[in-house]
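With the hints as extra help, turn the sequences into a complete structure.
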Amino acid sequence: MGWESFTPKLVGVIPCGGEELPEGEVTRLATGIVVEKLRKGRTSTLCLPLLLRKGENEISFIENYPVIVVDGCSKKCGTCVLRKLGYTPDETVIVSDVVEKLGTTLSQETVNELSHMVAEEVAKKVDMIFHRIAEDRRTEPIEL
Amino acid sequence: MKVVVQPCSGSGKVYGVVAREAVRILAEKLRPGKVTYICLPRLICEDEEARKLIKENPCITVDGCASRCARELVDEAGGKLLMSLSVVEVLRENRRLKPNPHSLISLDDKGCKLAEKVAEKLALEVDRILGA
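Keeping their order, the protein sequence lines are chains A and B.
What the first sequence shows, in our numbering, is residues 962 to 1105, in sequence order.
What the second sequence shows, in our numbering, is residues 488 to 619, in sequence order.
Below, computed lysine to aspartate or glutamate pairings styled on DMTMM-like, alpha-carbon distance capped at 20 Å:
#  : chain 1 : residue 1 : chain 2 : residue 2
1  : B       : 604       : B       : 515
2  : A       : 1045      : B       : 534
3  : A       : 1062      : A       : 1052
4  : B       : 489       : B       : 535
5  : A       : 1037      : B       : 536
6  : A       : 1045      : B       : 563
7  : B       : 500       : B       : 576
8  : A       : 1015      : B       : 533
9  : B       : 500       : A       : 1017
10 : B       : 521       : A       : 981
11 : A       : 1045      : B       : 535
12 : A       : 1037      : B       : 534
What the hints contain is simulated information worked out from the structure, not anything from laboratory work.
Structure representation (structure tokens):
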């Protein structure tokens, strides 16, 4: 058995996918960019509505794999849903915070550009989780 | 009065993306000013404003898959649900429009056309509800 057997191969990325604000669209697009391009093969996305309805596969996933929630605004619905189900996300990215940090404004025209920036943030968090898992397995070497 | 047309917007499957796009076409092009929608997770996070909106206005849900998440969630939250449409139902009538299942970032041509078909169907329902 190789070392891969002992560490999760996937990190789940859950966008809030809110329809009302462009921030929600950014969560969806950024998640797609991470899953299909930036960290392809190491990440997977989950349907938030199916999680809300306690879908068997979705619940099984969050019980067994680390997850990152991508929320659009300060309402943090994605995080709220996970907490309601009794789980805490391993990492979160909030689009409105990224917008504020960059000192930019979000409009329909800037959605694509911002989605790539948010995707980069999410990809960093994916790497952080894998790094943390690897660190957690490290102990002081013992003499045999 | 506006009709609340609520997509599931499930991001894990391409049909959720089609549902979302269909509602956008409906709200922005086909029936602007006549329909509205909310962020679906708000219903779960005890957002009173969102719950009030679906209780006081007629609702149509658009689901990507057979789990019918939007319909169930709107129904459970006490929404005035008048109709529920599934993208897969529309696909059955338009089999040549099966989208690439991996196009989660942006829909392919078939996915866009399927979204237009769903939006046209929704527009008829909106007219029927507002006309009644």
